[in-house]
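Colleague: Chain residues, written in single-letter form:
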Amino acid sequence: MKRGVVLVVLAIFFLSLVATPVIAVKGSVANERNEVTDASSDSFTLEIYGNANEDDTIDMRDVTYIKLVIFGKKPETEFCDANYDGRVSMLDVVQTKLIIVGKEAKLTLIDLADRTVTINKPVDRMVFVEGGHVGYIIALDAVGGEKALKKIVGMDIEEWKSIRQWIYSKYVEVYPWIKDIEDIGTSKALNVEKIIKLHPDVVLAPLYTKERIPVEKLEAAGIPIIFIDYHAETIENHGKTTLILGTLVDQRDRAKALVDLYEERVNMVSSRVAEVENKPKVYMESGYSKWHTYGRYMWGKLVKIAGGINIAWDLFERGGEVSPEYVLEENPDVIVVTGSYWVKRPESIWLGYYADEDLARERLKNWIERPGWSDINAVKNNRVYAIHHQLSRNIWDFIAVEYLAKCFYPDLFNDVDPVEDFKNFHDTFLSVDYSGVWMLSLEE
Amino acid sequence: MKARELYKEITWRKYVLLVLFAVTCMLTLIIDVSTGPAQLPISEVFFTIMSPNHSDPTTHVIVWVIRLPMALMAIAVGAALAIAGAEMQTILDNPLASPYTLGVSAGAGFGAALALVLGVGVIPHTETVLVPVNAFFFSMLTCLLILFISKIRGVSTETMVLAGIALLFLFHSLLALLEYLASEEELQAVVFWLFGSLLKATWPKLGVATTILLVTIPLLLKDAWKLTALRLGDEKAKSLGLNVERLRLKVFIWISVLTAAAVCFVGTIGFVGLVGPHIARMLVGEDQRFFLPLSAFAGAVLLSAASIGSKLIVPGAIFPIGIVTSFIGVPFFLSLILKKRRGYW
Numbered sequence: 001m002k003r004g005v006v007l008v009v010l011a012i013f014f015l016s017l018v019a020t021p022v023i024a025v026k027g028s029v030a031n032e033r034n035e036v037t038d039a040s041s042d043s044f045t046l047e048i049y050g051n052a053n054e055d056d057t058i059d060m061r062d063v064t065y066i067k068l069v070i071f072g073k074k075p076e077t078e079f080c081d082a083n084y085d086g087r088v089s090m091l092d093v094v095q096t097k098l099i100i101v102g103k104e105a106k107l108t109l110i111d112l113a114d115r116t117v118t119i120n121k122p123v124d125r126m127v128f129v130e131g132g133h134v135g136y137i138i139a140l141d142a143v144g145g146e147k148a149l150k151k152i153v154g155m156d157i158e159e160w161k162s163i164r165q166w167i168y169s170k171y172v173e174v175y176p177w178i179k180d181i182e183d184i185g186t187s188k189a190l191n192v193e194k195i196i197k198l199h200p201d202v203v204l205a206p207l208y209t210k211e212r213i214p215v216e217k218l219e220a221a222g223i224p225i226i227f228i229d230y231h232a233e234t235i236e237n238h239g240k241t242t243l244i245l246g247t248l249v250d251q252r253d254r255a256k257a258l259v260d261l262y263e264e265r266v267n268m269v270s271s272r273v274a275e276v277e278n279k280p281k282v283y284m285e286s287g288y289s290k291w292h293t294y295g296r297y298m299w300g301k302l303v304k305i306a307g308g309i310n311i312a313w314d315l316f317e318r319g320g321e322v323s324p325e326y327v328l329e330e331n332p333d334v335i336v337v338t339g340s341y342w343v344k345r346p347e348s349i350w351l352g353y354y355a356d357e358d359l360a361r362e363r364l365k366n367w368i369e370r371p372g373w374s375d376i377n378a379v380k381n382n383r384v385y386a387i388h389h390q391l392s393r394n395i396w397d398f399i400a401v402e403y404l405a406k407c408f409y410p411d412l413f414n415d416v417d418p419v420e421d422f423k424n425f426h427d428t429f430l431s432v433d434y435s436g437v438w439m440l441s442l443e444e
Numbered sequence: 001m002k003a004r005e006l007y008k009e010i011t012w013r014k015y016v017l018l019v020l021f022a023v024t025c026m027l028t029l030i031i032d033v034s035t036g037p038a039q040l041p042i043s044e045v046f047f048t049i050m051s052p053n054h055s056d057p058t059t060h061v062i063v064w065v066i067r068l069p070m071a072l073m074a075i076a077v078g079a080a081l082a083i084a085g086a087e088m089q090t091i092l093d094n095p096l097a098s099p100y101t102l103g104v105s106a107g108a109g110f111g112a113a114l115a116l117v118l119g120v121g122v123i124p125h126t127e128t129v130l131v132p133v134n135a136f137f138f139s140m141l142t143c144l145l146i147l148f149i150s151k152i153r154g155v156s157t158e159t160m161v162l163a164g165i166a167l168l169f170l171f172h173s174l175l176a177l178l179e180y181l182a183s184e185e186e187l188q189a190v191v192f193w194l195f196g197s198l199l200k201a202t203w204p205k206l207g208v209a210t211t212i213l214l215v216t217i218p219l220l221l222k223d224a225w226k227l228t229a230l231r232l233g234d235e236k237a238k239s240l241g242l243n244v245e246r247l248r249l250k251v252f253i254w255i256s257v258l259t260a261a262a263v264c265f266v267g268t269i270g271f272v273g274l275v276g277p278h279i280a281r282m283l284v285g286e287d288q289r290f291f292l293p294l295s296a297f298a299g300a301v302l303l304s305a306a307s308i309g310s311k312l313i314v315p316g317a318i319f320p321i322g323i324v325t326s327f328i329g330v331p332f333f334l335s336l337i338l339k340k341r342r343g344y345w
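Residue numbers (my numbering), protein chains in the order written: chain H, 1 to 444; chain A, 1 to 345.
The reader is advised that the hints may include incorrect statements.
Claimed, not checked - Distance condition first, Cα-Cα at most 27 Å in a straight line; then the derived DSS-like pairs of lysine-lysine:
no.	chain 1	residue 1	chain 2	residue 2
1	A	222	A	151
2	A	200	H	380
3	H	256	H	279
4	H	281	A	200
5	H	151	H	161
6	H	344	A	205
7	H	179	H	103
8	H	256	H	106
9	H	121	H	161
10	A	200	H	365
11	H	161	H	106
12	H	97	H	121
13	H	290	A	339
14	H	67	H	151
15	H	150	H	194
16	H	179	H	290
17	H	73	H	121
18	H	290	A	226
19	H	279	H	151
20	H	217	H	290
21	H	194	H	179
22	A	14	H	365
23	A	339	A	14
24	A	14	H	344
No lab work stands behind these hints: they were computed from the structure.
In this text the structure is predicted, and so the values were computed from the model without any measurement.
Take the sequences, apply the hints, and build the full model.
Modeller: Structure, rendered in structure tokens:
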């Protein structure tokens, strides 16, 4: 009898052990479903102390607002305390005015990890964690150009060179001194001592590295860290990050122009596709390894913003391997594959600054040759496309949204030219010129 | 005669168990072929199998190109790993011996990672060929290293087991080094390979694995009595006229090839090779005539059931099969341990 009881107890124990991760997997799938981020949700709050009226900029209206708060005519907001000393007083008015003319000595802001950080201005020396690897350096260039880039004293240069060869080469062509920026390693193996020796005024790091880098050690050395994020693919995070970058390098107006452009283009797409009834089913695949697709993250999110139905939306929170059967069963109307200059992947679709269009098209054709795919709607109707992998999770991903929208609804967006917009973006904001191939359709 | 009746009594139960497991194997195979994200009714699945030329083209692809190779691969690899584990435990006189614990799977993992991270391989070729070839090469290398070390120090069970464990740690560290050097995408590819996956099963790969399996089984069964005698202990076996060292070497080489073939296509699936034999041993004992086939069936059923499980957990995605094998196998294994009255080793 006792043995039987032990057996039953053990069985229940193991069933619960097995069930917990399974339920967790299913739970996270269900939870995230409700967190549909509406791309057209407007104005985020610029979380810099001094932005008293909690809009998306710091201007004389904030000064007025603080004065009204002092006179008791308006409710106090968090960011009224511009100098972060715990009280709202004329000193905050002074600080806000200094911020407006770009002459403040100190600045307090809330970063994308919800940390309150105070930095000294002006910022002359910056360390940029993983700026090369995930390409956030592009955003810095867009916001501040050469002057901003010159402030970088440490970055993951070796990683940038090896992972994004073509982008690195383009930048070194224009700014040869980039080669000499000190290499601090990637977030997996950050050279903390080197960072401290470089005496930066601030360290910038993408939000996803937060658990990996020794934040306390850097703070103990008196170096403030600001976490930024483009990975969430929301207007809010894109806006906040870009404006923070603009504030750091004293290019607030240019940053604002960038954010306005981004918001305008993405909202344009969202509003047009909001009305559409029959949205196309889309299979979005990473061109790095077959069958790897995205759920509600990165490219999966961009597909949704552009008005497509990502067939893997409910399967994963971020990304994973999809069953080939599932793709055949879903019979997507459009297939998009990402590409980049992945040297170690000779079968992948090489897109980028030095891409060859015919070779890329050839690779795309071979990439989609799989059993049963000739019967998929997307393949039958030639609605197969390739897009550059690094166009996502950065300030220029509105180009990706435009292109995807055009693939899904060619008629609805026949006035939109993503390639032209991308060229203009390079001319207006970036230090390098547009070249090569970044977006491609299988059909000529 | 009393002895004859006694013998029949002992063995008929074992035959029944063999048949039972064989039937279960068929069942899991059928269920495996019938499950999948495309909710195909069983009748349609059978129709597509029986008359392949008259079926709907998409269904044909799903059944013939995707499901059948995967389901049959599960059976073949499960059987192969379990047989390898069974013989390893027999010749090494160690209940913890298995392709996994002796470092063979770790060697395969290292070979695969070498291809995925550095693009380095034993022959220059594309990744799809390179990974299995590397994995095969390095699993064989591991086995040969074990053999080599044993030859120097005498082919005893202790030497082989210790050598195997040493290589396990070596390859795990080398693998960790490669993972450290890898980029995010490469790391993901390596991790997914290590999870084990039947997804890449194709008819040619299935052919290779099955051929090796079908060649190895008769070779082993031929020596069934010798292997059973080995379980009496080295001295007793020698006194019965067995060349213990030669037998050990011979069998080890065969199961090296078998393991390498199984692991290189499918990745590291750790539980089957260890526990499949234990389940068989608990049910039919050490007599190799029953122990060997039942291990094969147990392994096949385990992996086949895991394949079904991995399709059902998140419908549409493929849940790594290496994770599911433990979930299914451990409770069953524990229940067997608790039920057994006499010792199981």
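Colleague: Next step is simple, just say for each hint if it's right about the structure.
Modeller: A quick look at each hint next to the structure:
no., hint, result
1, 222/A / 151/A, "holds, 25 Å"
2, 200/A / 380/H, "holds, 25 Å"
3, 256/H / 279/H, "violated, 33 Å"
4, 281/H / 200/A, "holds, 26 Å"
5, 151/H / 161/H, "holds, 19 Å"
6, 344/H / 205/A, "holds, 24 Å"
7, 179/H / 103/H, "violated, 31 Å"
8, 256/H / 106/H, "holds, 21 Å"
9, 121/H / 161/H, "violated, 31 Å"
10, 200/A / 365/H, "holds, 21 Å"
11, 161/H / 106/H, "violated, 35 Å"
12, 97/H / 121/H, "holds, 14 Å"
13, 290/H / 339/A, "violated, 46 Å"
14, 67/H / 151/H, "violated, 36 Å"
15, 150/H / 194/H, "holds, 18 Å"
16, 179/H / 290/H, "violated, 34 Å"
17, 73/H / 121/H, "violated, 32 Å"
18, 290/H / 226/A, "violated, 48 Å"
19, 279/H / 151/H, "violated, 46 Å"
20, 217/H / 290/H, "violated, 40 Å"
21, 194/H / 179/H, "holds, 17 Å"
22, 14/A / 365/H, "violated, 56 Å"
23, 339/A / 14/A, "holds, 18 Å"
24, 14/A / 344/H, "violated, 53 Å"
Hints 3, 7, 9, 11, 13, 14, 16, 17, 18, 19, 20, 22, 24 from the earlier list are contradicted by this structure; the remaining hints agree with it.
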